[in-house]
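Fit chain C to the known structure of chain E by using the hints.
Respectively, the protein sequence lines represent chains E and C. Position 129 (the first sequence) corresponds to 129 in full-length UniProt numbering; numbering is contiguous. Position 150 (the second sequence) corresponds to 150 in full-length UniProt numbering; numbering is contiguous.
No wet-lab data here; the hints were simulated from the structure. Check the hints yourself; a few may be wrong.
Which copy is meant is left open, so a pair is good if it fits within one copy or across any two.
Think about it this way: if two alpha-carbon atoms lie no more than 25 Å apart in a straight line, the pair counts; the simulated PhoX-like pairs of lysine-lysine are [what the hints assert, rightly or not]:
#, residue 1, residue 2
1, 104, 70
2, 70, 195
3, 16, 195
4, 61, 18
What follows is the residue order along each chain.
2 protein chains.
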Amino acid sequence: MAEPDDAARHRAKMEKRKQMQDTEAAARTREQGLLMVHTGTGKGKSTAAWGLALRMLGYGKRVGVVQFIKGAWTTGERAALESFGPLVTWHTLGEGFTWNTQDKARDIATCRRAWEQALALMQDPDLALLILDELNIALRYDYLPLDEVLDALRNRPPGLHVVVTGRNAKPALVEAADMVTEMTLVKHHTAAGVKAQPGIEF
Amino acid sequence: MAEPDDAARHRAKMEKRKQMQDTEAAARTREQGLLMVHTGTGKGKSTAAWGLALRMLGYGKRVGVVQFIKGAWTTGERAALESFGPLVTWHTLGEGFTWNTQDKARDIATCRRAWEQALALMQDPDLALLILDELNIALRYDYLPLDEVLDALRNRPPGLHVVVTGRNAKPALVEAADMVTEMTLVKHHTAAGVKAQPGIEF
Chain E
1 MAEPDDAARH
11 RAKMEKRKQM
21 QDTEAAARTR
31 EQGLLMVHTG
41 TGKGKSTAAW
51 GLALRMLGYG
61 KRVGVVQFIK
71 GAWTTGERAA
81 LESFGPLVTW
91 HTLGEGFTWN
101 TQDKARDIAT
111 CRRAWEQALA
121 LMQDPDLALL
131 ILDELNIALR
141 YDYLPLDEVL
151 DALRNRPPGL
161 HVVVTGRNAK
171 PALVEAADMV
181 TEMTLVKHHT
191 AAGVKAQPGI
201 EF
Chain C
1 MAEPDDAARH
11 RAKMEKRKQM
21 QDTEAAARTR
31 EQGLLMVHTG
41 TGKGKSTAAW
51 GLALRMLGYG
61 KRVGVVQFIK
71 GAWTTGERAA
81 LESFGPLVTW
91 HTLGEGFTWN
101 TQDKARDIAT
111 CRRAWEQALA
121 LMQDPDLALL
131 ILDELNIALR
141 YDYLPLDEVL
151 DALRNRPPGL
161 HVVVTGRNAK
171 PALVEAADMV
181 TEMTLVKHHT
191 AAGVKAQPGI
201 EF
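Bound conformation, chain E alone (with noise of 0.2 Å):
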């Protein structure tokens, strides 16, 4: 148990410190749609942007979600986010990494494709938050125009949410973005010999 000085220096200290809280909170007045980035190598870029999408839901909002790159096998996080009806709208239109599809003009064509799928739905005046999952791949191999997507990112609506994924954010949309949160590897499991499982990456 703590003792009484230390019960008391406690409460002094944390007065103290509910009171900077506060100020700071109080000078916290805007509300607006932010551009958020989720980037860097750790695990939990388009997980926390899952989360994001649930916790909207909570609140009865709608939510569009677009894949550039990951192609469409089953995921856990589509088969959940779709119980929500219609307030989720999801588009896979990547077919799978680089590496998979091996062809270049392809892997332009689909991001070109969800890029457009993206600009549709920024139009929805009743979506509440964007994921563009994995864009960061597209822009940093040069697949789709920077300038471009930059300026429709900047054009949205205002009071809509969009979260971009992956990694090697560039730094032009770091610039641009209210948020941004680097995922940094500290350990991951796959290194010691732990294969993909569902639930956990998929």
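Just chain C, lined up with the frame of chain E:
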């Protein structure tokens, strides 16, 4: 369009890359319950845990959540996960941040009750994923004995996946974990005066 030479070079490079990827994937043969840690000061630690929950629910598997710090305010993630009915068991024991309660003995008692719920869930043979949200905070302030927590995590059923979230993960927990991602803050919208918004922060 890609020139023929460029296309051929691309294909050759991707064939080699695919070979490498296939070799690496073949070396990953084990399946096991993973101990995963989401730490760091960036946004996405709990959010990525909700994404894992969603993924697991997509396979119809059971998920348990214990919240050690955050209080019982309404959140989108809770509303959305509870729409999966009996597949989700959710315990919010926390009473808010330490600067809200301002009472260390009470915080310690709260963490103990939360930990007991976690221990009970670990005994459930049908549970696939257990999320210990903000357990890192409880450990950081020594509100729970680290050794006791590590022992229980090591002795959990071998197929059970566990995610521990929160800043300042203890080095011994990082050591014990199979997968650790540090959510590194690159840029956060609260610094620009944007307030916490439903669907994004809660």
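So, going through the hints one by one against the coordinates:
Proximity of residue 104 and residue 70 under a CA criterion of 25 Å is satisfied intra-copy only: 15 Å inside one chain copy versus 47 Å between copies. In this assembly of identical chains, residue 70 and residue 195 lie within 25 Å of each other by CA distance solely inside one copy; the values are 18 Å within and 33 Å between copies. In this homomeric assembly, residue 16 and residue 195 come within 25 Å of each other (Cα to Cα) only across copies, at 21 Å, whereas the closest approach inside a single copy is 48 Å. For the identical chains of this complex, residue 61 and residue 18 are neighbours neither inside a copy (32 Å) nor across copies (40 Å), given an alpha-carbon limit of 25 Å.
Hint compliance for this structure: hint 4 is the single one not met.
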